[in-house]
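Peer 1: Working from the sequences, and respecting the hints, build out all of it.
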Amino acid sequence: MPLPRFRRACLVAAALFTMPVCGVTQGATVLDCLPPVPPAPVTDAATRAEYRTEIGQEFTAYFDEAQTYLRCLDAARAEVSEEINRAIHDYQALGAEPDG
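Going left to right, the sequence shown walks through residues -23 to -1, 1 to 77 as mature numbering (1 follows the signal peptide of the UniProt record, and there is no 0) numbers them.
No wet-lab data here; the hints were simulated from the structure. Nothing here was measured: the structure is a model prediction, and the numbers come from that model. Misleading hints may appear alongside valid ones.
[Said to hold, decoys possible] If you anchor each label on the Cβ, the simulated ranges turn out as follows:
no.	residue 1	residue 2	range
1	Glu27	Leu47	53 to 63 Å
2	Phe36	Glu74	52 to 62 Å
3	Pro13	Glu60	19 to 29 Å
4	Thr24	Val57	21 to 31 Å
5	Tyr46	Thr24	25 to 35 Å
6	Gly72	Gln44	41 to 51 Å
Every residue gets a Cβ at the ideal spot worked out from N, C-alpha and C, and that includes glycine.
Peer 2: Structure (structure tokens):
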């Protein structure tokens, strides 16, 4: 089972790598969305009993991260939809092609 300290270090590293550079922000893209790593199954009953609280915390953190991931995907989809609509508008502004 991963150590909580290691998990926190991974989350901090992920946050640092996804921060905008020089304060420049862009819309979300799918590449900005990192899926969470699900907790490893604990099949040993004695381990489950001894670390029940920690295992529960790991699952709770996973579910929170999964919600964040899904919100990121929704934001990326919305951003792409806006770009498509702008492109359609720009394309329509070209007008009809003249007959040759």
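Peer 1: If a hint holds in the structure, say so; if it doesn't, say that too.
Peer 2: Checked hints:
1. Glu27 to Leu47: 53 to 63 Å: Check failed, 32 Å falls outside 53 to 63 Å.
2. Phe36 to Glu74: 52 to 62 Å: Check passed, 58 Å falls within 52 to 62 Å.
3. Pro13 to Glu60: 19 to 29 Å: Cβ of Pro13 to Cβ of Glu60: about 27 Å, so the range 19 to 29 Å holds.
4. Thr24 to Val57: 21 to 31 Å: 44 Å, violated
5. Tyr46 to Thr24: 25 to 35 Å: 28 Å, holds
6. Gly72 to Gln44: 41 to 51 Å: 45 Å, holds
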